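The lines below spell out each chain.
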Amino acid sequence: MVTRRDRLGSMFSPINILRNLRKAREYALASLPLRAVRPAQGNLRTKFIVVIVSLEIVLMGVVSVVVERHQRRAILEQTRLRALSLGSSLAALSEGYLLSYNFAKLEQAVERVAVHEGDIIYAIAHLRDGKVAAFSGRNDLQGRLLHDLTSQRALQATAPLLQDIVLEIAGRGYDVAIPMFVPHSSKKWGTMRLGFSLKRAYLAIHQTRQALFLLSLGAIICGTSLAILLATRISKPIGQLVSEVLEITKGSYDHPIQVSARDEIGYLGQAFEQMRQSLELHLNSLSEEKQRLEEANIRLQQTQQQLMLLAARVAHEVNNPLAIIKTTFQIIRVQSLEKDQLQEQLMVVEQEIDRIARIIREIFAFARPNHQDDRTEVNAVLESLKPLLEQNFFKKRIALEMILEPGLPCIRTSSDHLKQVILNMVRNAEDAMPAGGRIVVQTVSKAKGVELSIADTGSGIPEIYRNRLFDPFFTTKEKATERGMGLGLAVSYGIIRGAGGTIEVESEVGKGSTFRVSLPACEA
Amino acid sequence: MVEPPAILLIEDEPLLLQNLQILLQHEGYRVRATCDGAAGIKQLKAQAFDLVITDLVMPGIDGFRVLDYLKFHCPQTVVLTVTGYLSSESASEARRRGAYDNLTKPFDYHLLKATIERALQKARRQKSSRPDKRTEAWGERAEQIQRAD
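Chains A and B are the protein sequences, given in the same order. Going by the numbering used here, the first residue of the first sequence is number 1, and it counts up by one from there. Going by the numbering used here, the first residue of the second sequence is number 1001, and it counts up by one from there.
I should point out that these hints are in silico values taken from the structure, not numbers from a laboratory. Remember, predicted model here, so these are calculated numbers, not experimental data. Heads up, the beta-carbon is just placed ideally off N, CA and C, and yes, glycines get one too.
Below 16 Å or equal to it, Euclidean Cα-Cα: the simulated EDC-like pairs (lysine to aspartate or glutamate) are: (1) A:419 - B:1101; (2) A:446 - A:504; (3) A:446 - A:377; (4) A:386 - A:430; (5) A:386 - B:1108; (6) A:419 - B:1108; (7) B:1113 - A:390; (8) B:1113 - A:383; (9) A:395 - A:431; (10) A:386 - B:1117.
Label pairs and their calculated CB-CB ranges: (11) B:1027 - A:296: 54 to 60 Å; (12) B:1093 - A:304: 20 to 26 Å; (13) A:427 - B:1093: 27 to 33 Å.
Next comes chain A alone, as it looks inside the complex (with noise of 0.2 Å):
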């Protein structure tokens, strides 16, 4: 015995296992919400700014150090220059003063010299021995000896000698000191010295640190104002865009992107805005074609409505004059009971018309779905069918054998459904026995259900059919009186599917078929 399991067993397969469970997993997938688009938080702009103002600073504060050391030096360099040349100056002047000790004409010259330059706190002239010969505002020096250290170095000098002061009035100063020499010879005669304040230099290189320091600060701040700028006009376009394309992404596909910038992100904005387009064209060929399809559907299934009525307005109309037809013959057979040959004819005549009832109702239910709320005792409709089918079995020379089990739960079908079910493979087994033979119906409760078996001893189903028994429009049999519209399978496999139910068949050639179909219990 070789079985074959319908297509409904074929879900359990492997592939389709795996089949069922990727489609399942692309489907979860598809359905998780979208991730929120994080709005921009102007890390870019704050990044630029903060990396254009620390470079400003420290290029400014480079600048500063190198430009203000250099004038610094520069400024002290030309004071002594100064200091040196006005001390030269002195000296010159003096000379013959000091050579003839004219003490009244070098403190003239003295007493002129620091006047006359503002920066000049004093003036000396030391003789030969280092006493003072004149001394600028200091006439109670004259004829004394300096001790101070400054003064010994400078009456030491052969050269003319700068040397750095502090005074406590004047402040930070040049001593300059210029020693005098017999002309042509090597003989010191005596000293020029000189003070000079440094207090103008100082003044401006202070002034110069305070003009770098507020130019700094101003580059800063404008460098700043400019990077602030740049920045905000390159991320506001920036946002402007990710804002109107979030706007989109919301549903309104007709809003038109608009960057108000020239550059590369304007370029940005109009290559969006491209695809806003175009984006906007497909969703409205889409949603047409989604209504004209809906249209389509709606005027389907109309049509399919229309064509059930039909079906069943048909039906209705046929077999009106179809049970006329019968019962006349049936009245015409009753009433000439002993005419053999005329009683065949008639037989013929009502199997014919028992033909076209049954193609009538294939035709029908075919186009019928099954009812939701029926229930059936499958014993109760067996022993319903009982005496036909014993009456038919007899002339054919088929042995019927009905084995019920007592007890059995009711089936979501109708009493209907299942007689229709039932005479099917019933039929299917007698055609399957031409010169006789066994047809067992047997029922048995089965996991919460009814297990309805039909067994004949007929010539069984070859293998290569077996796959299409079910199959609408399918029928082995060769001779046209015998086929019908190959719908009965079909049908009672509707029937069979709509109860919740499944249908097997057994079968060995030359052996005999079994068909077992497998009901649930309606729930109470």
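Given chain A, put chain B in place with the hints provided.
Same frame as chain A, but now just chain B:
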């Protein structure tokens, strides 16, 4: 002497009605034939029947109304319904409203005979059990309401 069972036929297709009457009379039943619901109910008022075989889809008073009438007035009578097409909805509905069984046209004669026999057995069983006074009272009250309609 036991009287043969009384069967009432209600069928709007006249030729079919005629044929059924002939066939059933040949079987030995007492058959009354009516071609619409109103006439059928009139017959029901006039005499008691063991079995009623009625078409469901008829103009005017249809099979369902006949079922309702029978439920109230003749609960002892067994009803078989006949339909022109395999409509499980009508069949279930008919059963809910009191029909014993349903046959589809064109019915197999032997199936018809077998079903009638079963129905009559049921009727005999019902007759032997004591009549229900409450159902009778209901029947009277329903009749009063109907007359008031």
